[in-house]
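Undergrad: Chains as they are written, first to last, in the working numbering: chain A, 6 to 162; chain B, 3 to 178.
FYI, nobody ran anything at the bench for these hints, they're computed from the structure.
Note that this is a predicted model, so its numbers are computed, not measured.
A portion of the hints provided could be inaccurate.
Pairs of lysine to any residue, SDA-like flavour, derived with a Cα cap of 20 Å [claimed, not checked]:
{"hint": "1", "chain 1": "A", "residue 1": "Lys70", "chain 2": "B", "residue 2": "Val15"}
{"hint": "2", "chain 1": "B", "residue 1": "Lys14", "chain 2": "A", "residue 2": "Cys79"}
{"hint": "3", "chain 1": "A", "residue 1": "Lys28", "chain 2": "B", "residue 2": "Lys78"}
{"hint": "4", "chain 1": "A", "residue 1": "Lys63", "chain 2": "B", "residue 2": "Arg9"}
{"hint": "5", "chain 1": "B", "residue 1": "Lys14", "chain 2": "A", "residue 2": "Lys63"}
{"hint": "6", "chain 1": "B", "residue 1": "Lys14", "chain 2": "A", "residue 2": "Asn21"}
{"hint": "7", "chain 1": "A", "residue 1": "Lys28", "chain 2": "B", "residue 2": "Ala12"}
{"hint": "8", "chain 1": "B", "residue 1": "Lys13", "chain 2": "A", "residue 2": "Leu24"}
{"hint": "9", "chain 1": "A", "residue 1": "Lys82", "chain 2": "B", "residue 2": "Lys13"}
{"hint": "10", "chain 1": "B", "residue 1": "Lys13", "chain 2": "A", "residue 2": "Gln26"}
{"hint": "11", "chain 1": "B", "residue 1": "Lys14", "chain 2": "A", "residue 2": "Leu24"}
{"hint": "12", "chain 1": "A", "residue 1": "Lys83", "chain 2": "B", "residue 2": "Ala12"}
{"hint": "13", "chain 1": "A", "residue 1": "Lys70", "chain 2": "B", "residue 2": "Arg9"}
{"hint": "14", "chain 1": "A", "residue 1": "Lys82", "chain 2": "B", "residue 2": "Lys33"}
{"hint": "15", "chain 1": "B", "residue 1": "Lys13", "chain 2": "A", "residue 2": "Asn21"}
{"hint": "16", "chain 1": "B", "residue 1": "Lys14", "chain 2": "A", "residue 2": "Gln26"}
{"hint": "17", "chain 1": "B", "residue 1": "Lys14", "chain 2": "A", "residue 2": "Asn27"}
{"hint": "18", "chain 1": "A", "residue 1": "Lys82", "chain 2": "B", "residue 2": "Arg9"}
{"hint": "19", "chain 1": "B", "residue 1": "Lys13", "chain 2": "A", "residue 2": "Gln84"}
{"hint": "20", "chain 1": "B", "residue 1": "Lys33", "chain 2": "A", "residue 2": "Leu24"}
{"hint": "21", "chain 1": "B", "residue 1": "Lys13", "chain 2": "A", "residue 2": "Lys63"}
{"hint": "22", "chain 1": "A", "residue 1": "Lys83", "chain 2": "B", "residue 2": "Asp40"}
{"hint": "23", "chain 1": "B", "residue 1": "Lys33", "chain 2": "A", "residue 2": "Thr56"}
{"hint": "24", "chain 1": "A", "residue 1": "Lys83", "chain 2": "B", "residue 2": "Val15"}
{"hint": "25", "chain 1": "B", "residue 1": "Lys43", "chain 2": "A", "residue 2": "His16"}
{"hint": "26", "chain 1": "B", "residue 1": "Lys13", "chain 2": "A", "residue 2": "Asn27"}
{"hint": "27", "chain 1": "B", "residue 1": "Lys13", "chain 2": "A", "residue 2": "Thr74"}
{"hint": "28", "chain 1": "B", "residue 1": "Lys14", "chain 2": "A", "residue 2": "Ile10"}
{"hint": "29", "chain 1": "B", "residue 1": "Lys78", "chain 2": "A", "residue 2": "Ala7"}
{"hint": "30", "chain 1": "B", "residue 1": "Lys43", "chain 2": "A", "residue 2": "Cys73"}
{"hint": "31", "chain 1": "B", "residue 1": "Lys13", "chain 2": "A", "residue 2": "Thr56"}
{"hint": "32", "chain 1": "B", "residue 1": "Lys14", "chain 2": "A", "residue 2": "Ala46"}
{"hint": "33", "chain 1": "B", "residue 1": "Lys14", "chain 2": "A", "residue 2": "Cys73"}
{"hint": "34", "chain 1": "B", "residue 1": "Lys43", "chain 2": "A", "residue 2": "Asn27"}
{"hint": "35", "chain 1": "B", "residue 1": "Lys14", "chain 2": "A", "residue 2": "Glu13"}
{"hint": "36", "chain 1": "B", "residue 1": "Lys14", "chain 2": "A", "residue 2": "Phe12"}
{"hint": "37", "chain 1": "B", "residue 1": "Lys14", "chain 2": "A", "residue 2": "Lys28"}
{"hint": "38", "chain 1": "A", "residue 1": "Lys83", "chain 2": "B", "residue 2": "Leu70"}
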Amino acid sequence: MADDIVFELLHSEIINYSLEQNKSSNGKEVDLSVVEYIGFAAGYKIMERLTREWPRFKDELDTMKFICTDFWTCIYKKQIDNLRTNHQGVYVLQDNAFRFLINFSSGQQYLEYAPRYVAYTCGLIRGGLANLCINSIVTAEVQTMPSCKFHIHVQRS
Amino acid sequence: MSRQTSRLDAKKVNSELLTLTYGALVSQMLKEIDNPEDVNKQLERIGYNMGVRLIEDFLARTPSTRCLEMRETADKIQQAFRLYLNMQPVVTSWSSAGDEFSLVWDQCPLSEWVEMPNNGLKYCALIPGAIRGALQMVQLDVQCWFVQDLLKGDPITELRVKYIKRLEDAVPAGED
């Protein structure tokens, strides 16, 4: 089975589609909200299926660990390399060889396009957490290529 | 139940994620694009773009030689379905000239958990697009369309593939 490649191609096409959609509506601004939303919808639903027969998570940190290990290994073929938290609702997940960036040259050349390739995953994390009743804002930061940091800000009401 | 024993089945998760992501894309498109016909066209085009690249992967992965007739091509397409979507369509209903056949299946990972609106949407339009794109890269021009669709209440899904012509190598437009 080789459906990994299909997923990767679909991922690129989603980015393509959304860029084209908003090219027609406004000007230069790159709007990735659609990509993020598609990630959110997929993340929300997949989490429901994944955790159906999973032991209950102890706390927020335990949930994050699940995302960093099991969840990440399944989808991104490796674990998150580093998880940091300030214990006040901010988590930073660092992946040193992020699957969707790994095929790019590691120089500066394509750095400006990196946000496009992390938006889906931001949504995926946010959606997954939302299904586990953790409302969050997820942003990503790429400083050098293929490494990527995901910042999760848990929203407490 | 300990954590160790309940590790996730990566294969299943990935195939489900593909299904759900595709579903999210289609529903997003239906929200943004008013005419379902245009959604079909977009999906077909996305499939085409994917097919154009997928063929490279297919040729790299399988010991493929040039197909001399459509029957061989049909076998390859069947193999690709197995490889990429983990499903096994049946090749059937050949035309007498041997240039037209149907791929028939009764389950498809892409159309799992789908409830269709009744508006002419071709949910799986990605697939014919991908076939067209992939074959175009090996100099085959084909036409691909759905005859029956499970999601529309038919007992099976039937995708018709028709050979149009062999493409000759041509200089890309705009280049001398």
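Undergrad: State for each hint whether it applies.
TA: Evaluated hints:
1. Lys70/A x Val15/B: Holds, at about 18 Å.
2. Lys14/B x Cys79/A: With Cα atoms ~9 Å apart, lysine 14/B and cysteine 79/A stay inside 20 Å; holds.
3. Lys28/A x Lys78/B: violated (38 Å)
4. Lys63/A x Arg9/B: holds (17 Å)
5. Lys14/B x Lys63/A: violated (26 Å)
6. Lys14/B x Asn21/A: violated (26 Å)
7. Lys28/A x Ala12/B: Given that 20 Å is the threshold and the Cα spacing comes to 36 Å, the pair is violated.
8. Lys13/B x Leu24/A: violated (30 Å)
9. Lys82/A x Lys13/B: holds (11 Å)
10. Lys13/B x Gln26/A: violated (32 Å)
11. Lys14/B x Leu24/A: violated (30 Å)
12. Lys83/A x Ala12/B: holds (11 Å)
13. Lys70/A x Arg9/B: holds (13 Å)
14. Lys82/A x Lys33/B: violated (32 Å)
15. Lys13/B x Asn21/A: violated (26 Å)
16. Lys14/B x Gln26/A: Distance of about 31 Å is beyond 20 Å: violated.
17. Lys14/B x Asn27/A: violated (33 Å)
18. Lys82/A x Arg9/B: The given pair, whose Cα atoms are some 14 Å apart, holds under the 20 Å limit.
19. Lys13/B x Gln84/A: holds (16 Å)
20. Lys33/B x Leu24/A: holds (16 Å)
21. Lys13/B x Lys63/A: violated (27 Å)
22. Lys83/A x Asp40/B: violated (38 Å)
23. Lys33/B x Thr56/A: violated (29 Å)
24. Lys83/A x Val15/B: holds (14 Å)
25. Lys43/B x His16/A: holds (18 Å)
26. Lys13/B x Asn27/A: Distance ~34 Å between lysine 13/B and asparagine 27/A Cα, so the pair is violated.
27. Lys13/B x Thr74/A: holds (16 Å)
28. Lys14/B x Ile10/A: The given pair, whose Cα atoms are some 15 Å apart, holds under the 20 Å limit.
29. Lys78/B x Ala7/A: Since the Cα atoms of lysine 78/B and alanine 7/A sit roughly 15 Å apart, the hinted pair holds (cutoff 20 Å).
30. Lys43/B x Cys73/A: violated (38 Å)
31. Lys13/B x Thr56/A: Given pair lysine 13/B, threonine 56/A holds - Cα atoms ~16 Å apart, limit 20 Å.
32. Lys14/B x Ala46/A: holds (18 Å)
33. Lys14/B x Cys73/A: Since the Cα atoms of lysine 14/B and cysteine 73/A sit roughly 19 Å apart, the hinted pair holds (cutoff 20 Å).
34. Lys43/B x Asn27/A: holds (18 Å)
35. Lys14/B x Glu13/A: holds (16 Å)
36. Lys14/B x Phe12/A: holds (13 Å)
37. Lys14/B x Lys28/A: violated (36 Å)
38. Lys83/A x Leu70/B: violated (42 Å)
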